[in-house]
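J.: Input sequences plus hints: build the corresponding full structure.
Heads up: the sequence lines are chains E and P, in that order. Residue 103 in my numbering sits at position 103 of the first sequence, with consecutive numbering throughout. Residue 8 in my numbering sits at position 8 of the second sequence, with consecutive numbering throughout.
No wet-lab data here; the hints were simulated from the structure. The model shown is predicted, which means the values in this text are computed figures rather than measured ones. Careful: at least some of the hints might be erroneous.
Listed below are several chain P residues computed to face chain E (Cβ distance under 10 Å; list not exhaustive) [to be verified]:
| id | residue |
| --- | --- |
| 1 | Ile4 |
| 2 | Phe6 |
| 3 | Gly7 |
| 4 | Lys8 |
| 5 | Ile9 |
| 6 | Ala10 |
| 7 | Gln46 |
| 8 | Ala48 |
| 9 | Gln51 |
| 10 | Asn52 |
| 11 | Leu53 |
| 12 | Glu67 |
| 13 | Ala73 |
| 14 | Gly77 |
Don't be surprised by glycine CBs; every beta carbon is placed ideally from N, CA and C.
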Amino acid sequence: MKKKKSVFKEGQITSDFIANAIAKHQVKTQIGAHNIFLGQVRKDVIEDKTVKAIDFSCYQEMADQKLHDIREETFEKFDLTCMHIYHSLGEVQVGEVCFFVFVSAPHRPQVYEATEYIVNRVKEEVPIFGKEIFEDASYQWKTNV
Amino acid sequence: MKVIYFGKIADVTNKTFEEIQLEKKDVKSLIIYLNEKYAIDLNEMQIAVNQNLVSKSEQITLKDSDEIAILSAFAGG
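T.: Structure representation (structure tokens):
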């Protein structure tokens, strides 16, 4: 059995972390194309209240299992060299990155499709919950639509 | 049986888990219990048994050894 990779990171995903992830792939010389998706916390205004941050939590055991399945099925479906998924837990402020999907392959068409496939499946199937915290400290629970 | 709560459900119940006794151990009775005790509406909850979402309309029997989780809407990404 392949080792399960750790997806969840406390707090925002920094631009340094993303840059390092890219740099690590320079030794994988069979790669000809990378594609990256970054999810950023948006400053939504909901009924006159402005979002300040999202506080993420998850059902860890189920999330790990679903992410493992998504990884396996993505590799079966697309000719990829590697893929990485990272998601924040805890509080992430507006403007910060909370979701990072990084897909690499020998050729370009596969990486676009695979990225879209992964992002959609993570949003729909992985038990991650988000509390939108407003500037006045009240909150509401976010729902993916 | 032990039931664990996540997201908005944990917020509404004000706990992350509880031990509950159902006369009839099935999904339908669990939904009724959650609705009566916490006023959680059917469409506000998803039910996972052993880490897989189950249908809320089918007759599904639960065992004490099952890991039963009540989840609110997903918000990842």
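J.: Each hint should be assessed against the structure and marked as holding or not.
T.: Hints and how they fare:
no.	hint	verdict
1	Ile4	holds (8 Å)
2	Phe6	holds (5 Å)
3	Gly7	holds (3 Å)
4	Lys8	holds (4 Å)
5	Ile9	holds (9 Å)
6	Ala10	holds (8 Å)
7	Gln46	holds (8 Å)
8	Ala48	holds (6 Å)
9	Gln51	holds (4 Å)
10	Asn52	holds (8 Å)
11	Leu53	holds (8 Å)
12	Glu67	holds (8 Å)
13	Ala73	holds (4 Å)
14	Gly77	holds (4 Å)
Of the numbered hints given earlier, the model fails none.
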